[in-house]
Amino acid sequence: MDLLLSMIFKDAFWFAVIRSTTPILFATLGAVVASRAGAINIGIEGTMLTGALMGVIFSAYTQNVWIGLLAAVLSGILVSMLLGYFALKLRTNIVLTGIAINILAAGGTVFLLAELTGDKGISTSLNSLVLPNVNIPIINSIPVIGNILSGHNILTYVAILCIILMHILFNNMSLGLRIKAVGESPEAAESVGIDVFRIKFIALIISGIFAALGGAFLSMGYVSWFSSGMTAGRGFIALAARAIAGNTSLGSLFASFLFGFADTLSNYLQEFSIPVEFIHMTPYLVTIIGFIVISIINDKKELERKKKQMN
Amino acid sequence: MSSLKLSTKINKYDTLRTVIAILIALIISAIIIFATSETPIYSINNFLFGPIQKLKYFSNVLEMMIPLTFTGLALCIIYQSKHFSLIADGCFFMGAIVASYVAINFTLPKAIHPVVAMIFSGIIGGCIGVLPGILKIKWKANELVTSLMFNYVFYFFGLYIVNYYLRDPEASVFASYRFNKSFALPRILPGTRLHAGFLIAILFIILAYIYIYKTKWGYEIRTVGDNINFAKYSGINTAKVIISSQFIAGAVAGIGGAIEMSGMYKRFLWDVTPSYAWDGVIIALLAKNNPKYVPLAAFFLSYLRIGADMMSRRADVDNEIISIIQAVMILLIAAERFLAYWKQREENKLAKEKYLNAKKEVQ
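First to last, the sequence lines map onto chains Y and S. If you count the first sequence from 1, position 136 lands on 136 in full-length UniProt numbering, and the numbers rise without skipping. If you count the second sequence from 1, position 254 lands on 254 in full-length UniProt numbering, and the numbers rise without skipping.
So that you can see chain S by itself, here it is in the shape it has in the complex:
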């Protein structure tokens, strides 16, 4: 009973630490805004409250949440097995490319077209997702290094596909041919661009939660993540667990890319990769690799992004300020020793209580 109490108290401490980390990050950004902006109050006002001024802006936040949710979920699944692969970025980008290909070259009924694209993108995303895992298991090649390199390779490979097979020569900028109309996901909120992908994202959050916490596979992934040697001795096929979880993670990211295309775009326009994977890392960190908290983390990050965009459009502060906030958040939230003094004191107090109780019982 008391150990349960201890763990909830420590969870409370973790939450508090996250909140304080976020506050410090915001304070630092406020200092930077005051130092660089000619209209600091107006800038900060737009940054913090811009997204809730109009339904349209708030809807932008929800729209941005969708890709962030998918990459965040993918990284949660990968990190559950304690593998530091960042391949989700490549999966997401290639997912978008594959979906664009399906969108342009296939003629299908309205409801089926985006689903077919998602299936293809999911399969390709999954196949890409397992590459660093295979190299790790087979030859112990560090998955972080290989995944970073693969991300560059697939970025250029994706651009090749667009340039040689999908590019519209009549468009004045980098753009593919128009997607078929049947490919578009329906809008779900009148007057905004919020699309059905939002609902699919919610579905995936639930599925990912069930997968990690309610199935045998999820249990195996977590066991591998906790202690790979223990997992081996208890008869878990660790290679299979790692490969299958990375396939699923890659598929989730790939599907995310497809949904972003069919929900938000009429052509493929990314000549630079949007790099949602780095945001995915932050989301996984904020959510402590638990899909349950992904929507909250994705909402928060998305809100910051849209706020920063609005600030840079209306005032004189560039939206890159968001990267400073993100970096400070990662550093402080992941810092074990940050505010460790409080945690220590809390633990001491509880230990003392426990000791006194035990003493009483003995007497």
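Chain Y on its own, in the form it takes in the complex:
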């Protein structure tokens, strides 16, 4: 136990927490945008996976890391357009559409990887690039905090920027307000002349961009390669994190931080004589527990609201 505590109080631990938080934060933001528009995006997992592979392929073939990132984002947009077209235009059940996208991405990425490299598991034979780390000038020189907050991958800072952008989007911009209106009551939104289809479609595309950024971080920052199924359920965890976040951008930071913490803790636990299976299980267990706790709280709130209405 002492050993564990001494680990937790090291800078490196908290640095790793922020690193693990990043992909889940992106995915959670994606889940929040979709949910605000009244859509559940199960396809985030597959979108992340697609983004991760596209980033690797395009950065390897162009030897330009930014083109890789751009390709990842574009793939996220395309996948979300597919999701939007089927779910909104052809009225396919949105959960089934998401499942289809996940199946497509899980198999399609392996298919493409095998076509390009002959390897079904990992992309190490591709010489893909990694996005740069950034040292923040002033924070950099503060003793402990500098070690924790500075020197992260650029996408980590982009993720934090995205939280702020999301906050502005939903509180100060007409698009954000329209997304909220559509999510709360599509009929009411329609009656005041909002194009519900278009707004939902845009929300799904924004959701896809976030998911793809999360995927790109995994393969071009967290590690420097793509491996099959490397998202490991992070897109699904994000759906739970969204519920814990209560659909707010700041909540997203808190919820994904929780999973970043669980993820890092589980990595550090490998030093102890705990079965490795339980260590791998930790992030998912934490998700379930967190999700149950928030469901209980929401349920209580709902009951109280009903009671008030009765009085």
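Among the hints, a few may not be true.
With a straight-line cut-off of 30 Å between C-alpha atoms, the simulated DSS-like cross-links for lysine-lysine are [to be verified]:
hint : chain 1 : residue 1 : chain 2 : residue 2
1    : S       : Lys-82    : Y       : Lys-300
2    : S       : Lys-140   : Y       : Lys-306
3    : S       : Lys-12    : S       : Lys-359
4    : Y       : Lys-307   : S       : Lys-82
5    : Y       : Lys-89    : S       : Lys-82
6    : Y       : Lys-301   : S       : Lys-240
7    : Y       : Lys-308   : S       : Lys-232
8    : Y       : Lys-301   : S       : Lys-232
9    : S       : Lys-359   : Y       : Lys-308
10   : Y       : Lys-180   : S       : Lys-140
11   : S       : Lys-138   : Y       : Lys-180
Which residues of chain Y face chain S? A few of them, derived with a C-beta cut under 10 Å, are [unchecked claim]:
hint : residue
12   : Ala-100
13   : Thr-109
14   : Ile-296
Everything labelled a hint here was simulated from the structure, so no lab data went into it. We put the CB at the ideal spot given by N, CA and C, even for glycine.
For chain Y, the structure is supplied; the task is to place chain S on it using the hints.
For chain S alone, kept in the frame of chain Y given last:
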């Protein structure tokens, strides 16, 4: 009378739409094969006709049908109550683990051993199956999210059991100890690996059909699925219905895992989960949640899988192409508006006929 006619016509339209969706999926895969393969004709030939070249290959299709049938049935039962739980995957995997435990540690007579394993696997599968349902009923926790998370948890928990209690240290790869010989299900087709699990699967299809369409419980599940508020007002204990149906679904999936172990394996070898639940979703969708159509859907999917495997072994196209076909099928079959124009025209025509008939009667 005419409304009956209308519904059969629309069913016909649904079937047509399914067939067209499948055709489009196959055409897309053919395009991909032509784009990536150096011997596209040879590849496609193996994909489409490989499974019927030899009895052994065709038997592979029937063998693969067995686990698909069980997960497909489990998801049909769950989806009848309109609950989107994917827990069947965890139930199936844990069913296989529990069966392996029974297979290694129990000594029982030949006919009884696999049955005992199925009972244990069924109970454990059922208990796992109800978890998302309980959380949903008690605290309105979304069952899709919790079931996905539980699947990961049980996957790692299962690996823990194998690694710490069943693993054979002398095996060079990830493998459990050998199963006792009495655990194996008998083969039913000479020269192939087709086992008695096939017959059990048929039995379960019939039982599931009776359960959903011929019993009071099945009626209650369908009522809950159609309109949960109506079900509540008509005095159905909806919580009990949801929990009991998910227990049964989980048990079916768990038994499926046990049968897969006792029919096809001599040791537990799955270090990655075979994830039959996603196929189960497609089967439930193809079968419109009706157990009656599950064998057809399972056969079709199994045929595609074996065909794709043969193609990847003999030619230069990877079997992952199957996931592209599956995704396109889900998207198009579940698309309400796909080919809706035809449906609309058919409905208009029938409505017009009905109107003219009514007019005649009045005159």
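message = Please list, smallest to largest, the hint numbers that this structure does not respect.
response = 9
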